[in-house]
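Participant: Under the numbering used here, read the sequence shown as residues 1385 to 2108, first letter to last.
When the alpha-carbon atoms are kept at most 25 Å apart in a straight line, the in silico DMTMM-like pairs for lysine to aspartate or glutamate are as follows:
no. : residue 1 : residue 2
1   : K1459     : D1406
2   : K1864     : D1839
3   : K1665     : E1702
Quick list of simulated restraints, FRET-style, between CB atoms:
no. : residue 1 : residue 2 : range
4   : S1606     : L1753     : 49 to 59 Å
5   : K1665     : S1823     : 36 to 46 Å
6   : T1681     : N1773     : 29 to 39 Å
7   : T1990     : K1739     : 34 to 44 Å
8   : L1753     : Y1997     : 40 to 50 Å
9   : Y1457     : T1421     : 18 to 28 Å
10  : S1823     : N1677     : 33 to 43 Å
11  : N1686     : N2013     : 42 to 52 Å
12  : W2019     : S1823     : 58 to 68 Å
Keep in mind the hints are simulated off the structure, nothing from the lab.
Quick reminder that beta carbons are idealized off the backbone N, C-alpha and C, glycines included.
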Amino acid sequence: KTNDSATLTNWNHIVVTAKTNDRYDLYINGILSISDTSFGAFAITEINNNIIGSSRGYNGNFFKGVIDDIRVYNKQLSQSDVDSIYTATEPTYSFGAEESQSGTPPSITINSPANTTYYTTSIPLNVTVSDSDSASFWCAIYNDGVLVTNETTNTTYTTTLTKNGGSHNVSVHCEDVDTSTSDDVEYYYVFMGLNVSAFNGGNASALAGWNIYTTNGTFNYSDTGLTNPTLIDIANLPTGSVNITFEKTGFKNATYTRTLNNSAFVQLDGNIYYNQLFYAKDIDTDATLNIWNILLTNGTSNATQAVITGTASFGLDELPQGSVNVTISKDGYNTNTTTITIDGNSTIAYTTYLKKAGLYVIVKDETTLAALNFNITIFNSTNTQTWTNESEFSKAWDKIPSGIITIQIIDFGGNYTGRNYYTTITSTTAYTLTSYLLSYANSINVGFVAIDSYDATLSSVLITAQKLYNITWTTVAQGKTDGAGTTNIYMNPLVSYKIKVEKGGYITQYVTITPSATNPTYTIRLPSVRAINFTTLFDDISYRFTPQTPGLETEIIQYINFTISSSGGNLQYYGLNITYNGSVIFSHEVTTDPYGGEIGALVNLTGKTGTLYVNGYFFKTDYGLTYLNTAYRIWDYEYGNYTVAAIIESWKNETHISKDVSAITLSILCVCVMIPVASVVSIGAGIIGVIMLSFGLYAEIITMGQWIITLLVVISIMYIRGRI
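Hey, can you work out the whole structure from these sequences and the hints?
Facilitator: Below, the structure is given as structure tokens:
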């Protein structure tokens, strides 16, 4: 109720607005008359009492007057809205019809979202509204039918919508104070999932014909033959934490991990690199090797891989660049290091060949050759290692005790005799051992005693027992004598064995035995190598060359031998070189026997004359390198042709100078022959014999040599006369 009055004889403009804080404003002819909270409310269900203009608080009195043009707005009108409505131009009339205001509706422009596909969950919303004939209007903006805002004050509305993947729309409805309405709608699509492309990581070039594989561990999705870019809808993809793998022939697979869901659009550029392949093979068999390790380094960055199935595969981005050392190692093989060049456009398929090294052991039944499981113990003076229940044993040299070692083999089942073997392991040697064990039922214990030329017992003498397999003597067992010069080896009493007995500084001996007696003992004598024409260099080192003659005969195959001995075990290495006419025709070096040994060479002298140079050498600890030289003259004639008759026959065709030399030689020979003869003949006979022999042989001599020969003859005669 207001105290303001209105002119009852004119049309009055009444506006009532309800405010959100339970207040109402009453406008009379555009002027705010009252703003209050004292108003009543009644149920909308009381249809009979909802009569416009009635006063329910005043005995049902009705409004006295005329009511025209009632409008209900779904918003709270402001003062400016009320003014605009109140001051609007009054309609004009023409004959026969009412002419109203223009009624132009508001103009709606949905600037965004556009009718397109969005690859993001953040969608910009921008709506602009204008009205050419009304100063006041309101708009309702909806997204997917849900009210975003009721806009009553601004002509531009901007916000950001958050939408998941799928189809969506924005609609706008506007009205102005002239009750003119307008509507607009825009449809758009939000794409969620993957937008993927693949590139060559080495040069950033786009790739085609690539494949993709995705998995979250439960659900998988893959596609092939793709080009850049490729869109994959989230409806097809696994969700959550997903591994996304790019694949292409000739390239190393690349895997990325991303989170995928209906509210995530993922842009992913996959860089894949040329596949770099490395192989390892056995140099002797060309077999591809499994279970090895590779290290690549340029001194700054490294790449490593433990290979299981034969091939090491790297992407180019995983490798060091430039000059790179490639080191490949495998148990039972020598480690190999080579240098290669790797650059950004390289495609590598590199093979390294490895040589067996260290120790490889298998064990067999000596009689049946059946394979046996075994325990193996390897020890040197400072280190002992044991492995049990092996079917075969392969270890690189750096994984076992090194140097001079003992290998002890024991049957895992306990039904066979044990064996010992002795060798030297270095970083460059490959030692393959096949051990042969005898069952206790088939063996006896055979003893050996080693003595020298003076019957003194020898310790550390290596006794090797060999058995004949397929016409080859094969080592089956070894023993080494103790301080008393004894050792024992289990043998089959029904089998013949070749026994090799060796010790540094002594001549190696071979004997063949069939140990049929019960637990026999054999005594074997080792003569010292110094006792057979050896030259002593130091207190503990002596050597010799054979043959010991200065001349060799052509047209034969000659065995040349170099033997060296160090009783103190002080040789680091020794070797033999043989040279003919400036070219080396034989060379061999031994680095694993500090006590020395023998190097022999078979030299074919067919077609060779001149000089054969033989060079032995050794390196003695704390002394240095020593060279030992000898030379052999290779003769054209056989030994049987070096006779006086042959010389005289060929002498006739020689020059005078050569004849003179030969005559002098023959004269001396004649004198030497005649002296003992002249002692048993008369003076006259001696004189005549010598004179006749001398002048008969040299009748053709016409040079100065005649006088020399005559003088020699006279001297010979005078010598004979004097003796008689």
